[in-house]
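Residue numbers (our numbering), protein chains in the order written: chain P, 1 to 276; chain L, 1 to 276.
The hints are simulated quantities; they were obtained by calculation from the structure and are not laboratory data. As the structure is a computational prediction, the values presented were derived from the model and not from experiment. Each statement offered as a hint is correct.
Identical chains blur together in the list; that is why a pair holds if it fits in one copy or across any two.
In the DSS-like style, the derived pairs of lysine-lysine whose C-alpha atoms are separated by at most 30 Å in a straight line are:
1) Lys232 to Lys78
2) Lys28 to Lys232
3) Lys117 to Lys194
4) Lys269 to Lys3
Residue strings, one per chain:
2 protein chains.
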Amino acid sequence: MAKELADLSRLCVHTITTKPWPIEKAAKEFSAAGIAGITVWRDALSGRDIAATGRMLRDLNLEVVSLCRGGFFPSLDKKSRQSAIDDNLKAIDEAAALGAPMVVLVCGAVPGQSLIKSREQIQEGIVACIGHAAAAGVKLTIEPLHPMYADDRSAVNTLKQANDMAEAINSPSVGIALDVYHLWWDPDLASEIKRSGRNGNISAFHICDWKTPTTDLLNDRGLMGEGCINIKEIRGWVEEDGFTGFNEVEIFSNSYWQQDQHLFLEKIKEGYLQNS
Amino acid sequence: MAKELADLSRLCVHTITTKPWPIEKAAKEFSAAGIAGITVWRDALSGRDIAATGRMLRDLNLEVVSLCRGGFFPSLDKKSRQSAIDDNLKAIDEAAALGAPMVVLVCGAVPGQSLIKSREQIQEGIVACIGHAAAAGVKLTIEPLHPMYADDRSAVNTLKQANDMAEAINSPSVGIALDVYHLWWDPDLASEIKRSGRNGNISAFHICDWKTPTTDLLNDRGLMGEGCINIKEIRGWVEEDGFTGFNEVEIFSNSYWQQDQHLFLEKIKEGYLQNS
Numbered sequence: 001m002a003k004e005l006a007d008l009s010r011l012c013v014h015t016i017t018t019k020p021w022p023i024e025k026a027a028k029e030f031s032a033a034g035i036a037g038i039t040v041w042r043d044a045l046s047g048r049d050i051a052a053t054g055r056m057l058r059d060l061n062l063e064v065v066s067l068c069r070g071g072f073f074p075s076l077d078k079k080s081r082q083s084a085i086d087d088n089l090k091a092i093d094e095a096a097a098l099g100a101p102m103v104v105l106v107c108g109a110v111p112g113q114s115l116i117k118s119r120e121q122i123q124e125g126i127v128a129c130i131g132h133a134a135a136a137g138v139k140l141t142i143e144p145l146h147p148m149y150a151d152d153r154s155a156v157n158t159l160k161q162a163n164d165m166a167e168a169i170n171s172p173s174v175g176i177a178l179d180v181y182h183l184w185w186d187p188d189l190a191s192e193i194k195r196s197g198r199n200g201n202i203s204a205f206h207i208c209d210w211k212t213p214t215t216d217l218l219n220d221r222g223l224m225g226e227g228c229i230n231i232k233e234i235r236g237w238v239e240e241d242g243f244t245g246f247n248e249v250e251i252f253s254n255s256y257w258q259q260d261q262h263l264f265l266e267k268i269k270e271g272y273l274q275n276s
Numbered sequence: 001m002a003k004e005l006a007d008l009s010r011l012c013v014h015t016i017t018t019k020p021w022p023i024e025k026a027a028k029e030f031s032a033a034g035i036a037g038i039t040v041w042r043d044a045l046s047g048r049d050i051a052a053t054g055r056m057l058r059d060l061n062l063e064v065v066s067l068c069r070g071g072f073f074p075s076l077d078k079k080s081r082q083s084a085i086d087d088n089l090k091a092i093d094e095a096a097a098l099g100a101p102m103v104v105l106v107c108g109a110v111p112g113q114s115l116i117k118s119r120e121q122i123q124e125g126i127v128a129c130i131g132h133a134a135a136a137g138v139k140l141t142i143e144p145l146h147p148m149y150a151d152d153r154s155a156v157n158t159l160k161q162a163n164d165m166a167e168a169i170n171s172p173s174v175g176i177a178l179d180v181y182h183l184w185w186d187p188d189l190a191s192e193i194k195r196s197g198r199n200g201n202i203s204a205f206h207i208c209d210w211k212t213p214t215t216d217l218l219n220d221r222g223l224m225g226e227g228c229i230n231i232k233e234i235r236g237w238v239e240e241d242g243f244t245g246f247n248e249v250e251i252f253s254n255s256y257w258q259q260d261q262h263l264f265l266e267k268i269k270e271g272y273l274q275n276s
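Chain P on its own, in the form it takes in the complex:
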């Protein structure tokens, strides 16, 4: 089991977690709350000067942890697969401009196309982006998604699959983002985390909780402590294997998005210190 979290120095919050706030407001509030890191979703950059936004974040003492998200590589036709690669190259440029060291990949899947085929296309897509990522000093992180997203969001559904892919690609520009929401149920989680750690592939760690009942497949994630995920135990495994990066709070929640975001941010800090 991990040591208790004594302060907020490793807490990062995703802009989508407080979706009602534009990034300028979120950044000010995160900074005032003593939060150390921010992960930026691309929609939050819409219409902004990206480099200037990066400076604004750093001026507020926020470390830019990741840019979310690239990926969605598989497609039935070649032209769409090339468009996906082009969009990922653009995401790498955006991350570089923002000063984010990585782009998180939601890898993609096509309903009806075999998951094996989709995984091949994902790997091809990532490989096609590596040169550009390396030149930009940006890492591409494969995020395995919960099997309930295997239809149209990701054909990479276990940490084992992400490890297989990262090791097959075998590039310093490729890592893995672990999210407890997607992985907590996996009987092989502890051993696969060990494997990721051994191979230097743990690049990011995302937290939230799984509520009972969960009323929406996408936007009903819980605050740490509200659900059944053994977050502390999983954080312990990740840290045992050498990870010292941020604990990133990524909560999609129609319910929280409707509430006062200041109160929500206070609850995030509390849930982080007590239940993560």
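Please build the complex by placing chain L on the supplied structure of chain P, with the hints as guidance.
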């Protein structure tokens, strides 16, 4: 890939699939539609003479395939775990009275209790019921459930885990129910089906489809052909490994339950012959 299904001789429909119909109506309609088998949910037996209901089904030329469902073994306290065992003994008696050769187990899980602990309690619970099941000539079938139900419905979430448990128990009174909805995403599915077949553990095969988008975690299953599941391929694997039993249509769907059940039954036949 499996051979096409030429007729309805291996089609079974679960009473819950046409939930608005009481079992007497469902049985008449299934029989008139040429459907060969029926799986009975326990709620459908409420207030009925169970043995007489079994005779009614057989008089309509319906084979009683399974009773759904027992299980829910794990609990934080011993008294509740004993109640669960008692209820499973009762389910075995009901299956015997009905003339059903098996009870399908939704194994259970307790939010916040480790999945490992829950699996231990599941195995203990099943073992406690084996003597009674053997005496009654009823098989207990472990149904691995999709990981999105790992919080409070089942700590058995992959066919590998079900195989591990069935082999550890190693009794002719214990088998496995495979449901494509729960298992389709699993990268190890083909090899684990081979393993189940080799050990004589494939006792039941459930079909439906995974819709994109899926709007409800429980009650938005699709008709075969409406979603992304490779049903025919999976049926092929199951049959390669010696399974000759029924293909059971188990669809929970708020949407279909609101529609005309006669039309729905026609669609089931069509989806069965064309897309299963």
